[in-house]
Each structure stands twice: as structure tokens, then as C-alpha cells.
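Okay, here's what each chain looks like letter by letter:
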Amino acid sequence: MAGSKIIKKRIASVRNTRKITRTMEMVSTAKSKKLVDRVNAAQPYTRKLHDIMATLVEAGAAHIDSPLMRRKENPERIALLVITANRGLCGGYNGGILRTATARLKEIKAAGQNLSLEVSGKRGLAFMKFEQIPVDQSYSQFEDKPAFDDVNAIADRYVRDFTAGRLHRLDVVYQKFLSSARQAPAVETLLPFGDLATQNDRTSGGSGVDYEFLPSPGEILEEIVPAAFKARFFKCFLDAAVGEQIARMVAMKSATENADEMIRDISMEYNRARQTQITSELAEIIGGAAALE
Amino acid sequence: MIAATELRLVLVTPEKTLLDQSVKGLRFPLFDGQIGVLPGRAPLVGRLGTGELKIDLPSGSERYFIEGGFAQIKGSIVTLLTNRAVTVSSIDASAAEKDL
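Protein chains in written order, with this note's numbering: chain A, 1 to 293; chain B, 1 to 100.
Next comes chain A alone, as it looks inside the complex (with noise of 0.2 Å):
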């Protein structure tokens, strides 16, 4: 009967799409897990940066006037980076960032401010390109494991034209790492850098040690600051690679599993269509000899 055959033939490609899907979860789970390594590895940096601010802060400098936190009153030009993948088949995790990407666009559009919109990633770019949204600026380099180096070419040209007046506020559009277990699409405004003495509200690592600074505090934290920020630029990339990778694992993880339900699905089914094929067989013969006496 070719009721049946066809079913086969459905089984097998359904079996097929069940291996890659399974492949890419496991190359997936592999991945996020030395990227979550990575994430950990460069908590150590940011830590210690936040220590050294916090003495500095209490050594007396905390009215520094960084270049980089100086806030503008009117920001007029405003640079809007959205990290997002290279590829696709990870669920919703280009949609979230772009429906947030889109949703802040709309919102400097409607203040009338002017913006520098910069897009990393194929996926964005593509969107973009759809929606007819011009890209000033696009970057599909980084792969799954960026690097501090061409991150740090980026975040450089940010504190140039932060410096010089060309550019009065970064917002970063990217997939926060909350745990490994929670990530989320979260706008970030990393310049005008935020107030130093609220972060290091926590911190009181540095109480009671005598300190010898060299040179001044003062010019110690505006040497400082460029260097938090540039940590923080670099965390947003590592969350954004991050958060592909789990996405893309929990997105080939469920559909693995939906895989899974339609092979048992179509084999009840070919097994009913088989079964009534035996069925009418036998009832043919049966038939036949019944004519025959």
C-alpha cells in the first residue's frame, strides 16, 4: 500500500532532522559551557578594578570629573549598539533583542534626538535590511569567542568620540547574563559612565590599609574610568555570546524533544495503516475462499 510507504519515508526524515537538532544541542551545551567559563574568568578583572575604585574613592577622590561621566543636558547625538547573532536557530533570542532594540529606536526617533545606529551581528543586520532601518555602522566579526583585543578597537573609537563631543550617549542593546539558567535582552546605558560611588557602595575592601598611591588618586581614577568602561563594553559581548550559545541549546533541546513526539506520532500511525492493510488482506482471502465452496 503507498498510504504506508509515504509514512516510512516521513519517519526516516523526521529521524534525520532529530540528529542534527540533537547534534547542535550538544555542540551548543559545549560551547556555552567554555563561554560561562569565560564569563567567570573575567569576573576576577572587574572585581579587582571596582576594589582599586572603591580605595580611591575613600582615599579622597571622589568628586573626579572623568571626561567619560561627564552628562550632557540635552544629548543630541546618541549611539545605539544591538548585539545580536550571526546565525539563526536559536529561538527567541534574535527577536527579544531586536523587539528591544526596536522598541529604544522608536523611542530616540520620538525625541527628535540624533542617532548612530550600530548593529553586530548578521541576524540584526538582515532585520534591519528588512525593515528598511538604515545601519551606520555593522560588525559581523565576532564569532562565539570574542576577543578583548577587537572588542577593545570598538570601545576605543566610543571613548574617542565620547571625548571629543561627537557622540553624547551609548545605549548597548544585548542578552544580559543573569545565571546560566536566566538571561535576558537588557538596554544599557555605558556612557556618560555611571556614578562611581554608588557601585562601590558594597565595597568597603580597601578600610584600613594605608595606602601609597602612585601617582595621585585623582589621576589614577581618570586613568580608571576609560578602563571600567572598557570592562563593561567587553562583558556585554561575552553575555551576548553567552546567551547564543543557551539559547541555541535550549531551542535544539525542545526541538529535539518535539522531534521525538512526531516519530512516535507517525510510527502509531504506520502501524495503524499496516494493521488495516493486514486486516483487508485478510479479509480478501477470507473472502475469496468463502466464494470458492
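No incorrect hints appear here.
Calculated pairs, DSSO-like style, for lysine-lysine (alpha carbon to alpha carbon, straight line, at most 27 Å):
id: 1; chain 1: A; residue 1: 48; chain 2: B; residue 2: 16
id: 2; chain 1: A; residue 1: 19; chain 2: A; residue 2: 253
id: 3; chain 1: A; residue 1: 235; chain 2: A; residue 2: 145
id: 4; chain 1: B; residue 1: 54; chain 2: B; residue 2: 16
id: 5; chain 1: A; residue 1: 145; chain 2: A; residue 2: 253
id: 6; chain 1: A; residue 1: 145; chain 2: A; residue 2: 31
id: 7; chain 1: A; residue 1: 9; chain 2: A; residue 2: 19
id: 8; chain 1: A; residue 1: 48; chain 2: B; residue 2: 54
id: 9; chain 1: A; residue 1: 72; chain 2: A; residue 2: 106
id: 10; chain 1: B; residue 1: 74; chain 2: B; residue 2: 54
id: 11; chain 1: A; residue 1: 48; chain 2: B; residue 2: 24
id: 12; chain 1: B; residue 1: 16; chain 2: A; residue 2: 145
id: 13; chain 1: A; residue 1: 48; chain 2: B; residue 2: 74
id: 14; chain 1: A; residue 1: 145; chain 2: A; residue 2: 176
id: 15; chain 1: A; residue 1: 109; chain 2: A; residue 2: 122
id: 16; chain 1: A; residue 1: 122; chain 2: A; residue 2: 31
id: 17; chain 1: A; residue 1: 176; chain 2: A; residue 2: 122
id: 18; chain 1: A; residue 1: 176; chain 2: A; residue 2: 109
id: 19; chain 1: B; residue 1: 16; chain 2: A; residue 2: 31
id: 20; chain 1: B; residue 1: 16; chain 2: A; residue 2: 176
id: 21; chain 1: B; residue 1: 16; chain 2: A; residue 2: 33
id: 22; chain 1: A; residue 1: 145; chain 2: B; residue 2: 98
id: 23; chain 1: A; residue 1: 48; chain 2: A; residue 2: 33
id: 24; chain 1: B; residue 1: 16; chain 2: A; residue 2: 34
id: 25; chain 1: B; residue 1: 98; chain 2: B; residue 2: 54
id: 26; chain 1: A; residue 1: 235; chain 2: A; residue 2: 72
id: 27; chain 1: A; residue 1: 235; chain 2: B; residue 2: 16
id: 28; chain 1: A; residue 1: 31; chain 2: A; residue 2: 235
id: 29; chain 1: A; residue 1: 145; chain 2: A; residue 2: 122
I should point out that these hints are in silico values taken from the structure, not numbers from a laboratory.
Go by the hints and put chain B onto chain A.
Then chain B, alone, in the frame of chain A:
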């Protein structure tokens, strides 16, 4: 008071912690020149320059190239935060020349 004999070096880059080990002493560039650190150094916070980091280990010495950053000495722990640190042996002079 017994003189401190312990010194621990932690070398951190934005990507990861490169080193975390006991050392006999070390030398690294500050913004205005080289500084040497031996066990029992007074607490310090400083800005790093670009240059060579030399670490004295019981088994010999190691050399790194570091590029800016910050140093903190607190108790027996020396923390160096730097954008980039590479072992001197892994630097290819001709490639570096080309980059310039």
C-alpha cells in the same frame, strides 16, 4: 617582628586570570619607571606603564610584556590588572615590527 617572607602575584587581564602564584620578588613598570617589589612591601595603588614584568621564582625567573593597567599591593598580595600580558618568549620580534 618577623619580616614577611610571603609574596603572592595575581596577574589579571580582562579575559582571565593569567597567574596566581607565590613569588620571591618581581619588577614591573609603573607610569614613571620600574618598581621592584619584595615581600613585606607597604600597601600601594599605582598606574602601570608599558614594559617588562619580571618575576623571580624559586626555580628561576619569568618575563612578561604588559601593557598599561593598574597595580595594587595589599598585604602579601600583588595584583596587576593589565589589558594585555604575553610571555616574552612568545613575542615574535619581526611580527611586532610589522604591527608597528
